[in-house]
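Q: The listed protein sequences correspond, in order, to chains P, C, R and E. Counting from 1, one number per residue, gives the positions in the first sequence under the working numbering. Counting from 1, one number per residue, gives the positions in the second sequence under the working numbering. Counting from 1, one number per residue, gives the positions in the third sequence under the working numbering. Counting from 1, one number per residue, gives the positions in the fourth sequence under the working numbering.
Please keep in mind that the hints were generated in silico from the structure rather than gathered at the bench. Accuracy of the hints is not assured; some may be wrong.
[Unchecked claim] A partial selection of chain C residues facing chain E, derived with a Cβ cut-off under 8 Å:
| no. | residue |
| --- | --- |
| 1 | 25 |
| 2 | 31 |
| 3 | 50 |
| 4 | 54 |
| 5 | 59 |
| 6 | 60 |
| 7 | 70 |
| 8 | 267 |
| 9 | 272 |
| 10 | 278 |
[Stated by the list, open to error] Computed list of lysine to any residue pairs in SDA-like fashion (alpha-carbon distance at most 20 Å, straight line):
| no. | chain 1 | residue 1 | chain 2 | residue 2 |
| --- | --- | --- | --- | --- |
| 11 | R | 233 | P | 250 |
| 12 | C | 291 | P | 203 |
| 13 | C | 291 | P | 205 |
| 14 | P | 250 | C | 205 |
| 15 | C | 234 | P | 140 |
| 16 | C | 85 | E | 240 |
| 17 | P | 293 | C | 203 |
| 18 | C | 234 | P | 85 |
| 19 | C | 250 | R | 74 |
| 20 | E | 138 | E | 126 |
| 21 | P | 80 | R | 239 |
| 22 | P | 293 | C | 205 |
| 23 | P | 234 | C | 205 |
| 24 | R | 233 | P | 81 |
| 25 | E | 233 | C | 51 |
| 26 | C | 206 | P | 301 |
| 27 | P | 85 | R | 225 |
| 28 | P | 293 | C | 204 |
All residues carry an ideal CB built from backbone N, CA and C; glycine is no exception.
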Amino acid sequence: MKPTLDITLAGIRMKNPVMVASGTFGYGPEYAELVDLNKLGAIVVKGISLEPWGGNRTPRMVEVPGGLINAIGLQNPGVKGFTEKYMPFLRNHDIAVIVNIWGKTIEEYTEVAARFDQVEGVHGLEINISCPNVKAGGSSFGTNLDSTAKLVAAVRARTRLPIIPKLAPNVSDIGAFAKVCEDNGADALSLINSFPAMAIDIETRKPVLANVSGGLSGPAIHPIAVKLVFEAAKAVKIPLIALGGITSAKDAIEFMIAGASAVAVGTANFTEPLTSLEVIDGIASYLARHKMKSVQDLVRSIRL
Amino acid sequence: MKPTLDITLAGIRMKNPVMVASGTFGYGPEYAELVDLNKLGAIVVKGISLEPWGGNRTPRMVEVPGGLINAIGLQNPGVKGFTEKYMPFLRNHDIAVIVNIWGKTIEEYTEVAARFDQVEGVHGLEINISCPNVKAGGSSFGTNLDSTAKLVAAVRARTRLPIIPKLAPNVSDIGAFAKVCEDNGADALSLINSFPAMAIDIETRKPVLANVSGGLSGPAIHPIAVKLVFEAAKAVKIPLIALGGITSAKDAIEFMIAGASAVAVGTANFTEPLTSLEVIDGIASYLARHKMKSVQDLVRSIRL
Amino acid sequence: MRIENGTIVSHEPMGPDYRVLILKLPELAPLARPGQFVHLRIAQLHDAVLRRPFSIYKAEGSHLSILYKTVGRGTASMQDLRIDDPVNIVGPLGNGFPLDVPDTATPVLVAGGYGVAPLYFLAKRMKRRGVLFIGGAKAIDILLVDDFLELGWEVQVATDDGSLGVKGLVTAPLDAWLQTSLKGARPEFYACGPNGMLKAVGDRAIKGDWKAWLSLDRHMGCGVGACLACVQKVRLNGQETLARVCKDGPIFEARDVIWED
Amino acid sequence: MRIENGTIVSHEPMGPDYRVLILKLPELAPLARPGQFVHLRIAQLHDAVLRRPFSIYKAEGSHLSILYKTVGRGTASMQDLRIDDPVNIVGPLGNGFPLDVPDTATPVLVAGGYGVAPLYFLAKRMKRRGVLFIGGAKAIDILLVDDFLELGWEVQVATDDGSLGVKGLVTAPLDAWLQTSLKGARPEFYACGPNGMLKAVGDRAIKGDWKAWLSLDRHMGCGVGACLACVQKVRLNGQETLARVCKDGPIFEARDVIWED
Ligand SMILES: Cc1cc2nc3c(=O)[nH]c(=O)nc-3n(C[C@H](O)[C@H](O)[C@H](O)COP(=O)(O)OP(=O)(O)OC[C@H]3O[C@@H](n4cnc5c(N)ncnc54)[C@H](O)[C@@H]3O)c2cc1C
Ligand SMILES: Cc1cc2nc3c(=O)[nH]c(=O)nc-3n(C[C@H](O)[C@H](O)[C@H](O)COP(=O)(O)OP(=O)(O)OC[C@H]3O[C@@H](n4cnc5c(N)ncnc54)[C@H](O)[C@@H]3O)c2cc1C
Ligand SMILES: Cc1cc2nc3c(=O)[nH]c(=O)nc-3n(C[C@H](O)[C@H](O)[C@H](O)COP(=O)(O)O)c2cc1C
Ligand SMILES: Cc1cc2nc3c(=O)[nH]c(=O)nc-3n(C[C@H](O)[C@H](O)[C@H](O)COP(=O)(O)O)c2cc1C
Ligand code: FES
Ligand code: FES
Chain P
1 MKPTLDITLA GIRMKNPVMV ASGTFGYGPE YAELVDLNKL GAIVVKGISL
51 EPWGGNRTPR MVEVPGGLIN AIGLQNPGVK GFTEKYMPFL RNHDIAVIVN
101 IWGKTIEEYT EVAARFDQVE GVHGLEINIS CPNVKAGGSS FGTNLDSTAK
151 LVAAVRARTR LPIIPKLAPN VSDIGAFAKV CEDNGADALS LINSFPAMAI
201 DIETRKPVLA NVSGGLSGPA IHPIAVKLVF EAAKAVKIPL IALGGITSAK
251 DAIEFMIAGA SAVAVGTANF TEPLTSLEVI DGIASYLARH KMKSVQDLVR
301 SIRL
Chain C
1 MKPTLDITLA GIRMKNPVMV ASGTFGYGPE YAELVDLNKL GAIVVKGISL
51 EPWGGNRTPR MVEVPGGLIN AIGLQNPGVK GFTEKYMPFL RNHDIAVIVN
101 IWGKTIEEYT EVAARFDQVE GVHGLEINIS CPNVKAGGSS FGTNLDSTAK
151 LVAAVRARTR LPIIPKLAPN VSDIGAFAKV CEDNGADALS LINSFPAMAI
201 DIETRKPVLA NVSGGLSGPA IHPIAVKLVF EAAKAVKIPL IALGGITSAK
251 DAIEFMIAGA SAVAVGTANF TEPLTSLEVI DGIASYLARH KMKSVQDLVR
301 SIRL
Chain R
1 MRIENGTIVS HEPMGPDYRV LILKLPELAP LARPGQFVHL RIAQLHDAVL
51 RRPFSIYKAE GSHLSILYKT VGRGTASMQD LRIDDPVNIV GPLGNGFPLD
101 VPDTATPVLV AGGYGVAPLY FLAKRMKRRG VLFIGGAKAI DILLVDDFLE
151 LGWEVQVATD DGSLGVKGLV TAPLDAWLQT SLKGARPEFY ACGPNGMLKA
201 VGDRAIKGDW KAWLSLDRHM GCGVGACLAC VQKVRLNGQE TLARVCKDGP
251 IFEARDVIWE D
Chain E
1 MRIENGTIVS HEPMGPDYRV LILKLPELAP LARPGQFVHL RIAQLHDAVL
51 RRPFSIYKAE GSHLSILYKT VGRGTASMQD LRIDDPVNIV GPLGNGFPLD
101 VPDTATPVLV AGGYGVAPLY FLAKRMKRRG VLFIGGAKAI DILLVDDFLE
151 LGWEVQVATD DGSLGVKGLV TAPLDAWLQT SLKGARPEFY ACGPNGMLKA
201 VGDRAIKGDW KAWLSLDRHM GCGVGACLAC VQKVRLNGQE TLARVCKDGP
251 IFEARDVIWE D
């Protein structure tokens with residue numbers, strides 16, 4: 001018997017627990033010639049703000065061993081631009097659509113959330129409380145328990161969509177942040193965002209990125225992310241979406257054993273656009289090999 | 001003219017700013033057949049506690065892409081064992097000796113510090129307030145501002161040796177931790193320790209390490225460490241010793257430009273025991289090429 | 001756009017600093033147009049998460065070639081690629097050059113270093129002939145001159161050290177030619193090379209009220225328009241906006257580009 | 001202990017799963033003693049921070065050989081090593097086997113899989129001859145039998161699937177031999193293989209009041225005694241303590257080892 005891969009996460013039905021991560025897969029059309037979107041569990045689109053936003057100056061990305069540092073700065077076409085330009089395309093696909101949202105103030109976050117309540121085809125909102133690239137924005141929220149609580153509660157009050165705060169990795173006690181999100185109405189959690197990081201060109205003695213620093217993603221951060229997921233899973237009951245350096249089914253399965261109900265592929269889309277599909281297949285064959293009936297048997301199955 | 005490499009850091013004179021990191025170079029004799037200790041700026045010995053300590057069960061180490069996770073658990077022969085067995089050897093070399101110390105309580109830390117005050121040939125104490133591998137111990141200190149302050153002040157009161165708190169990387173605001181150490185009498189700071197991390201064997205669904213989790217070190221963490229050093233340098237005036245994923249002179253120079261006065265080579269000693277010597281040579285030729293007179297011209301020389 | 005596992009058919013040096021890699025890519029190669037590029041995964045560089053972009057230098061039947069210079073760790077480890085090794089390619093990417101030169105115009109190609117690669121592909125697919133201006137640091141950076149001559153093109157060379165052609169920037173022979181040889185013809189420019197060169201060509205085109213198609217070189221993440229790493233400020237319908245060099249480019253008309261440095 | 005850049009002299013398969021790598025290491029090779037190991041850096045595995053430990057299989061003049069099995073990503077990428085490639089080696093490491101077998105004792109070697117490599121080196125350097133018991137999963141895991149016969153050793157084989165020698169664990173022929181062939185001689189054991197096998201050999205030695213020198217296999221960090229990754233609980237002068245397998249071992253006498261699993 002073929003193991004079942006489908007899950008319902010925070011009320012969102014997905015064919016399988018494999019998603020593509022915000023900022024690494026555009027808004028859908030970009031990779032569609034290479035990756036059949038209908039095969040994915042969900043797409044999390046690049047972070048959307050109330051108004052269009054230009055992001056940082058270039059250079060915005062630099063490769064480092066085992067990863068990359070990005071400081072895109074959340075460039076996006078705004079709620080209206082995104083909805084008009086990309087939602088028709090996404091609605092035409094059989095895929096759960098999770099919109100990643102951000103704001104510079106709590107009001108902006110809540111307003112964005114409220115607007116997406118009216119948009120057909122949006123299945124959930126991932127709240128980026130943790131982007132390391134916008135100075136005004138997310139970072140301060142995501143590393144402070146009080147503002148995390150306030151932000152999540154405020155967004156909760158303005159939308160009926162499932163909300164999924166995306167946690168910052170650079171905190172000492174991820175469990176506390178997970179708990180405060182759960183207590184304030186989060187339906188699920190995404191963890192983690194990229195790590196504040198920096199590269200310097202030693203010849204010019206200038207930061208490589210125009211924004212000085214950015215966020216580290218890729219295989220380099222995977223073992224740290226696994227630990228954070230493991231800790232968060234101990235603190236909360238709501239489902240976790242894990243991401244950070246997934247390049248193979250093995251990495252994804254590690255996350256699920258540690259406590260994640262679903263996973264998202266980020267940087268690896270750039271390296272190998274077919275990674276998400278390979279992860280789906282790899283999970284399926286792992287389940288078959290281990291005689292597990294459903295992918296849910298993997299979740300939190302760690303043996304201590 | 002040959003550029004000068006020697007520095008005086010927290011009153012400790014060193015031939016050059018390149019040290020070897022605690023836990024990765026034993027107590028001196030282990031690598032001495034391969035690396036001429038007299039060429040190094042300083043050795044930071046493996047963490048010492050009041051009494052001998054057995055550490056964690058094996059497996060204690062696992063390789064991951066771009067790094068390794070270790071959970072040695074601070075095994076060590078205690079103050080007396082270390083002093084008797086290794087100090088004679090170290091005193092026989094022309095190298096600054098920095099002893100990394102830890103305890104399970106503030107009293108243990110201060111007692112260890114006081115004892116080393118009496119030991120000839122010890123040039124400074126690195127205070128490990130941040131080891132991710134001892135549950136009872138350091139971790140809780142290093143991620144809490146109050147206990148960091150208390151611990152540093154308490155150690156300060158019991159020793160005349162230069163004290164160098166070694167900061168935890170998993171905090172949101174490293175500047176605040178740096179400042180509280182400076183305010184409580186630290187002479188310099190080491191940053192950073194390894195990152196809490198974890199690997200799971202997906203076939204057995206068990207953690208790979210007997211201790212469940214450990215600390216990630218190696219090239220993977222370098223860009224995060226550079227950012228932390230850059231932030232700490234903005235917060236304090238005392239000198240910084242930077243470490244995290246140094247494999248080449250380039251990595252070391254990046255740290256110094258970002259704000260470090262000295263650097264330490266850790267995991268790379270395993271990969272390539274001659275790394276520290278190569279870093280020294282590489283810094284010297286960089287300085288010559290850039291027509292810098294002294295290695296101190298590099299420190300905090302970032303151009304923003 | 002395809003993702004295809006190619007195999008190496010040939011990998012030969014072109015002078016001391018450059019190499020030509022010929023790949024068998026039966027699905028992808030036939031889709032290639034001049035000015036487009038491919039994104040190559042260097043599998044043996046385990047710790048690299050990004051592919052490397054290279055202009056398409058030739059596409060004939062099921063073979064696709066790139067011409068590359070070794071500049072960093074990716075291109076350095078590409079040197080170890082041997083015949084029959086597999087190479088994973090995403091492409092063809094980007095918009096490519098417009099191929100329809102107006103009948104009244106003379107195509108003028110301006111190349112810096114490996115920038116000549118896509119221009120050669122363009123010259124081969126263009127119905128008209130014209131003139132190539134090629135510049136580089138030294139004689140060894142001046143590539144494909146004979147190939148252009150064989151296609152019936154005029155070639156003018158400049159090198160920084162004067163070791164081949166005139167000494168100086170490629171704009172020197174270009175300006176001379178524009179002054180003396182135009183004779184009423186309208187040039188249409190196609191340029192690929194460093195930013196300074198592109199800007200210089202663009203300035204001349206704007207001044208003369210000619211068109212200049214510039215191939216921009218930006219560090220890239222995804223190569224397909226998803227990550228927004230490669231953006232360039234442009235003017236579109238009078239509006240300032242950020243274009244993705246990988247997807248909306250790499251070819252832009254000079255008037256659309258807003259240079260910031 | 002030295003660190004030396006060796007070059008590959010030969011790299012040949014030994015059956016389907018094993019390979020022999022011969023390195024030119026003029027400084028290091030002459031220092032090697034049986035039971036010691038080398039720490040090999042796999043340079044082409046860019047993202048690996050750890051070296052890989054391998055027992056010394058042969059050391060003759062300036063040549064040092066290892067015999068390895070492909071089990072993971074490091075050994076897999078070692079397969080790509082070609083003649084003349086450089087390989088950086090730290091070694092010889094560890095204590096090695098005692099070479100002075102008492103005159104009254106018969107050396108009994110017990111090997112599992114590639115564990116036969118250091119035992120072959122030992123047999124070549126030992127003045128006395130004895131008997132080798134070798135076990136493995138399948139016939140292809142039974143290596144060097146002819147080489148031992150050539151040295152004048154007796155060889156007894158066991159495989160899990162019975163495809164060579166007796167079917168079952170290597171302890172089966174060993175026990176039979178101990179019962180029937182000892183004839184008053186005292187065996188002295190030298191064993192290298194999986195933990196279960198080492199423990200079984202040690203148990204027999206302790207029971208018979210013989211010595212058993214066991215070569216332990218532990219995941220290693222530094223290989224030189226600095227990192228404390230590889231520790232093994234042992235009894236030293238009656239005291240329990242943690243020995244470093246890389247430095248204080250890898251060879252331990254059976255009585256000293258405290259098995260915990
Ligand atoms: C559209 C386009 C077409 C190109 N066509 C060619 C070509 O035909 N022949 C050729 O030799 N080169 C070409 N390049 C440049 C080529 O991509 C770089 O030389 C190559 O990526 C360098 O990789 P590296 O690992 O050796 O260098 P490193 O400096 O080690 O690379 C580090 C990172 O910077 C990026 N990078 C470095 N230099 C460049 C650059 N000049 N442009 C873009 N990214 C860069 C790399 O892709 C990588 O992500 C082209 C670039 C673009 C954007
Ligand atoms: C003293 C000693 C002598 C050895 N002699 C030989 C020999 O002669 N021939 C041979 O084929 N193998 C030998 N081994 C085992 C050999 O070191 C491993 O097979 C090898 O390290 C596996 O590397 P990998 O990257 O292919 O495996 P991976 O599983 O990908 O390696 C991951 C990590 O685990 C470590 N590791 C994995 N398996 C082992 C193992 N069995 N022992 C120690 N570390 C391991 C690796 O070194 C690496 O750090 C010896 C090990 C020790 C400790
Ligand atoms: C280029 C780039 C852009 C990103 N943009 C966003 C974003 O807009 N919003 C967000 O929440 N996360 C963003 N991220 C973070 C990723 O979604 C993900 O959390 C992170 O990259 C870790 O996963 P990975 O290691 O698999 O890439 C971005 C990451 C990258 C590399
Ligand atoms: C095996 C191992 C043991 C370590 N033991 C200690 C220790 O006892 N005390 C300490 O402060 N840091 C210890 N560290 C941390 C290192 O000193 C260093 O902070 C960390 O490894 C990051 O540097 P790297 O990436 O260069 O290794 C240890 C690291 C490793 C890999
Ligand atoms: S490289 Fe990703 S958008 Fe251009
Ligand atoms: S491997 Fe480091 S002490 Fe043995």
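Q: Hints first: check each against the structure and report whether it holds.
A: Comparing the hints with the structure gives:
With 8 Å as the threshold, the beta carbon of residue 25 of chain C comes within range of chain E, its nearest partner Cβ sitting at about 6 Å, so the hint holds. Given hint, residue 31 of chain C at the interface with chain E, holds; its Cβ is 6 Å from that chain's nearest Cβ, closer than 8 Å. Proximity of residue 50 of chain C to chain E is violated relative to the hint, the smallest CB-CB distance being about 18 Å (cut-off 8 Å). At about 6 Å, the closest approach between the beta carbon of residue 54 of chain C and any beta carbon in chain E falls short of 8 Å, and the interface hint on this residue holds.
The interface hint given for residue 59 of chain C holds, since its Cβ lies 6 Å from the closest Cβ of chain E, which is under the 8 Å cut-off. A hinted interface residue such as residue 60 of chain C counts as satisfied when its beta carbon comes closer than 8 Å to some beta carbon of chain E; here the least separation is about 5 Å, so the hint holds. Interface restraint check for residue 70 of chain C: the shortest CB-CB distance to chain E comes to about 7 Å, inside 8 Å, so the restraint holds. Proximity of residue 267 of chain C to chain E holds as hinted, the smallest CB-CB distance being about 5 Å (cut-off 8 Å).
The beta carbon of residue 272 of chain C is positioned within 8 Å of a beta carbon in chain E (closest approach about 7 Å), and the interface hint is therefore held. Annotation: residue 278 of chain C was flagged as interfacial toward chain E, and the flag is violated, the nearest CB pair being 12 Å apart, outside 8 Å. A C-alpha spacing of about 40 Å is found between residue 233 of chain R and residue 250 of chain P, which places the hinted pair above 20 Å, so the restraint is violated. Our distance criterion of 20 Å between C-alpha atoms is met by residue 291 of chain C and residue 203 of chain P, whose separation comes to about 12 Å.
A hinted pair counts as satisfied when its Cα atoms are at most 20 Å apart, and residue 291 of chain C with residue 205 of chain P qualifies at roughly 14 Å. About 11 Å separates the Cα atoms of residue 250 of chain P and residue 205 of chain C, which keeps this hinted pair within 20 Å; it holds. Distance check on the hinted pair: residue 234 of chain C and residue 140 of chain P sit about 18 Å apart at the alpha-carbon level, within 20 Å; holds. In summary, the hint linking residue 85 of chain C to residue 240 of chain E is supported, as the alpha carbons are separated by about 18 Å, within the 20 Å threshold.
Of the pairs offered as hints, the one joining residue 293 of chain P and residue 203 of chain C holds, with about 16 Å between alpha carbons and a cut-off of 20 Å not exceeded. For the suggested pair residue 234 of chain C and residue 85 of chain P, the alpha carbons sit about 43 Å apart, so the restraint of at most 20 Å is broken. With a C-alpha separation of about 18 Å, the suggested pairing of residue 250 of chain C with residue 74 of chain R holds against the 20 Å cut-off. At most 20 Å may separate the alpha-carbon atoms for a hinted pair to count; residue 138 of chain E and residue 126 of chain E exceed this at roughly 28 Å.
A threshold of 20 Å between alpha carbons decides the hint, and for residue 80 of chain P with residue 239 of chain R the separation of about 18 Å falls inside it, so the pair holds. For a cut-off of 20 Å, the pair hint linking residue 293 of chain P to residue 205 of chain C stands: about 16 Å separates their Cα positions. As the CA atoms of residue 234 of chain P and residue 205 of chain C are separated by approximately 17 Å, the hinted pair is consistent with the 20 Å bound. A C-alpha spacing of about 19 Å is found between residue 233 of chain R and residue 81 of chain P, which places the hinted pair at or below 20 Å, so the restraint holds.
For a cut-off of 20 Å, the pair hint linking residue 233 of chain E to residue 51 of chain C stands: about 19 Å separates their Cα positions. Taken as a hint, the residue 206 of chain C and residue 301 of chain P pair is honoured in the structure, with Cα atoms around 9 Å apart against an allowance of 20 Å. This hinted pair checks out: residue 85 of chain P and residue 225 of chain R have alpha carbons roughly 15 Å apart, not beyond 20 Å. For the hint pairing residue 293 of chain P with residue 204 of chain C, the CA-to-CA distance comes to about 17 Å; that is within 20 Å, so the pair holds.
Figure legend: structure checked against the earlier numbered hints; hints not met, in rising order: 3, 10, 11, 18, 20.
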